[in-house]
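Chemist: Chain residues, written in single-letter form:
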Amino acid sequence: MKTLRRIGLYAGLTLAALTFIYPFLWMASSTFKPPSEVGTLALIPDQITLDNYRTMWARAPFGRALVNSTLVATTITLAVLVLGSMTAYAMARLQFRGRPALNAATLAVLLVPGQLTLIPLYTLIVQLGWIDMYAALIVPYLFNATAILMLRQFFLQIPQSLIDAARMDGMSELRILFTIFWPLSKPVLSIVAIFTFMGSWNEVLWPLLVVRDQQLMTLPQLLTVFALGGGAGSVGVSLASAMVLVVPVVIAYMFLQRNFIESMAGAGIKG
Amino acid sequence: MRAEQRSGSLLAAPYTAFLLLFAAYPIVFALVLVFLQWDLVTAPSFAGFDNVRLLANDGRFWRAVGNTFVFLSIHVPLQIVTALALALALNRQLVLRSFWRAAFFLPVVISGAVVAILWSNLYATDVGLINKLLVRVGLAPVPWLTDPLTAMPAIAAMVTWKNVGFYVIIYLAGLQYIPRSCQEAIEIEGASSWQRFRHLTLPMLLPQTILVITLSTINGFQLFIEPYVMTGGGPLRRTYSVVLYLYTNAFSYQKMGYAATIGVALALIIGAVVLIQRRVMGKAEAL
Chain A
558 MKTLRRIGLY AGLTLAALTF IYPFLWMASS TFKPPSEVGT LALIPDQITL
608 DNYRTMWARA PFGRALVNST LVATTITLAV LVLGSMTAYA MARLQFRGRP
658 ALNAATLAVL LVPGQLTLIP LYTLIVQLGW IDMYAALIVP YLFNATAILM
708 LRQFFLQIPQ SLIDAARMDG MSELRILFTI FWPLSKPVLS IVAIFTFMGS
758 WNEVLWPLLV VRDQQLMTLP QLLTVFALGG GAGSVGVSLA SAMVLVVPVV
808 IAYMFLQRNF IESMAGAGIK G
Chain B
9 MRAEQRSGSL LAAPYTAFLL LFAAYPIVFA LVLVFLQWDL VTAPSFAGFD
59 NVRLLANDGR FWRAVGNTFV FLSIHVPLQI VTALALALAL NRQLVLRSFW
109 RAAFFLPVVI SGAVVAILWS NLYATDVGLI NKLLVRVGLA PVPWLTDPLT
159 AMPAIAAMVT WKNVGFYVII YLAGLQYIPR SCQEAIEIEG ASSWQRFRHL
209 TLPMLLPQTI LVITLSTING FQLFIEPYVM TGGGPLRRTY SVVLYLYTNA
259 FSYQKMGYAA TIGVALALII GAVVLIQRRV MGKAEAL
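So the sequence lines, in the order shown, correspond to chains A and B. Throughout, the working numbering is defined as the position within the first sequence, counted from one, plus 557. Throughout, the working numbering is defined as the position within the second sequence, counted from one, plus 8.
It is worth saying that the hints were derived from the structure and are not from the lab. Fair warning: there could be bad hints in the mix.
What the hints assert, rightly or not - The following residues of chain B were derived to be distant from chain A, with all beta-carbon distances above 12 Å:
#1 D58
#2 R61
#3 G67
#4 S81
#5 P151
#6 I186
#7 Q285
#8 A292
What the hints assert, rightly or not - Ranges between beta-carbon positions, derived for each pair:
#9 L39/B x S593/A: 53 to 61 Å
#10 R188/B x L600/A: 42 to 50 Å
#11 G620/A x L39/B: 37 to 45 Å
#12 R188/B x Q772/A: 58 to 66 Å
#13 F57/B x P716/A: 55 to 63 Å
#14 E195/B x S593/A: 52 to 60 Å
#15 R656/A x P243/B: 51 to 59 Å
#16 W202/B x L600/A: 32 to 40 Å
#17 R188/B x G620/A: 49 to 57 Å
Stated by the list, open to error - Here chain B is said to cover these stretches of chain A; the calculated rule only asks that three of the stretch's residues, wherever they fall, bring their Cβ under 8 Å from a Cβ of chain B:
#18 661-669
#19 686-700
Please read all numbers here as calculations on a predicted model, not as lab measurements. For each residue, glycine too, the CB sits at the ideal point set by N, CA and C.
Please build the complete structure, drawing on both the sequences and the hints.
Modeler: Put into structure tokens, the structure is as follows:
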């Protein structure tokens, strides 16, 4: 009876895991199939072809989009880490006028749904003349309220004696932050880095609003435009273009799976 | 002390400026836009309550709101049941525990755009994988995304599939807080596993369930890329979402005032729905 239940449990888990993994495996294998084979359930194609990738690469600037996405996500992640730490350090460890108001404002920002500010932000970008510029994709994301609150929470737990001793030695606040606080804060920094990078990498609504020039599109945007505009022409080509976006993420996820889960689940709950 | 004041203000200054420009200003300007007519080309003009009146009588907007409730009525219960079931399965002594967890979480890290493109192909009527499987076991193929009755449920099922790993993590965290002594006590009482689930596990997980309801509801109101990619809002506008309608008004019709009005209305609806849910669930918690 007990063994029977265990077998049932593992059978159920395997079935569940397959429903999550099989579609992605099918997607990956379809990109190597000729059009005649795409509709089949088999994971290993009879004939392996790279045509889908050649077509995709030739028809739309996916190389450029890969560069754009990497540039945008990396810049935003670095900014959220560096600028966010500076802000969080001040909010956690320094006395200055307006600090309580800044704390309250940060909490309030988290309660406002993004849809409320989407259009005013868009008109602001238009008025700044940033349509079709990297600035439109990067500047509105330079600070992140969730990240600042997480960093602040962590910084609050670091002993004051460390700060006092460093100040005695004549260290500036920035040096204290980056040489004493940062090494102690690696866990929270990695959490912030992962959810910020993933959020930017996967974002699609905002780029669809502020970028029209194909050369400036990020991967998810170009992918969407390519699939909808009929540029792909076939399932294999369309899925091949999706692979450019998925493969780096899946590789990173395989190595840092625990960190990914902790980070993305944590940010979702707090944000 | 003086030096600390100065460093503090200095370090907080960029963020303060950012908040003013990219948070405070858009919130205030959203409310201003409600009373404006603006195509971004000519100067904005004052429109009084025109936008609000138009919204109140706009069948397309209310259709989108209705569609969202159809989506939520399928998505939220399905999300709770699947996340809870997978979390309970994972909460045992398992071989390869972290592998199973990673498998369930995989779609969470994948872009919604990719998932939408992938599932358009899985749902395709003639060549889609799901219909191929149905035919293989002797069932008739279903026109998932082209039948007005099945399109929204199909999208709701897909979104549930994409997000379930995230909610499994929430339930797993909750399960760790059920005291062992309670579990042992109820076992000694001779409770069946169903009774254990019904009278111990489920009530103890109520805070997590409330969280899942709130987050999946908020998430549901943000539905955009799925209908945008998979159905374009059709068939018969049955999958048109509020954000898709907002986007169309801003991007295709250049109606900034009206799009902002939709945004404000949506924020109010989300706030109201979440408050009502919390009120109702809070009563359940008190019992």
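Chemist: Indicate, hint by hint, whether the structure satisfies it.
Modeler: These are the hints, each one checked on the structure:
1. D58: holds (16 Å)
2. R61: About 19 Å separates R61/B from the closest Cβ of chain A, which puts it past 12 Å; holds.
3. G67: Fine: 20 Å to the nearest Cβ keeps G67/B off the interface.
4. S81: holds (20 Å)
5. P151: holds (16 Å)
6. I186: holds (19 Å)
7. Q285: Correct as stated: the minimum Cβ-Cβ distance to chain A is 15 Å, above 12 Å.
8. A292: Holds, since 21 Å exceeds 12 Å.
9. L39/B x S593/A: 53 to 61 Å: Holds: the Cβ-Cβ distance is about 57 Å, inside 53 to 61 Å.
10. R188/B x L600/A: 42 to 50 Å: holds (43 Å)
11. G620/A x L39/B: 37 to 45 Å: holds (43 Å)
12. R188/B x Q772/A: 58 to 66 Å: With a Cβ separation near 60 Å, R188/B and Q772/A satisfy 58 to 66 Å, so the hint holds.
13. F57/B x P716/A: 55 to 63 Å: holds (57 Å)
14. E195/B x S593/A: 52 to 60 Å: 58 Å Cβ-Cβ, so the 52 to 60 Å window holds.
15. R656/A x P243/B: 51 to 59 Å: holds (54 Å)
16. W202/B x L600/A: 32 to 40 Å: holds (38 Å)
17. R188/B x G620/A: 49 to 57 Å: Since R188/B and G620/A have Cβ atoms about 55 Å apart, the given range 49 to 57 Å holds.
18. 661-669: holds (count 4)
19. 686-700: This one holds; 4 residues, not fewer than the three required, reach chain B with a Cβ under 8 Å.
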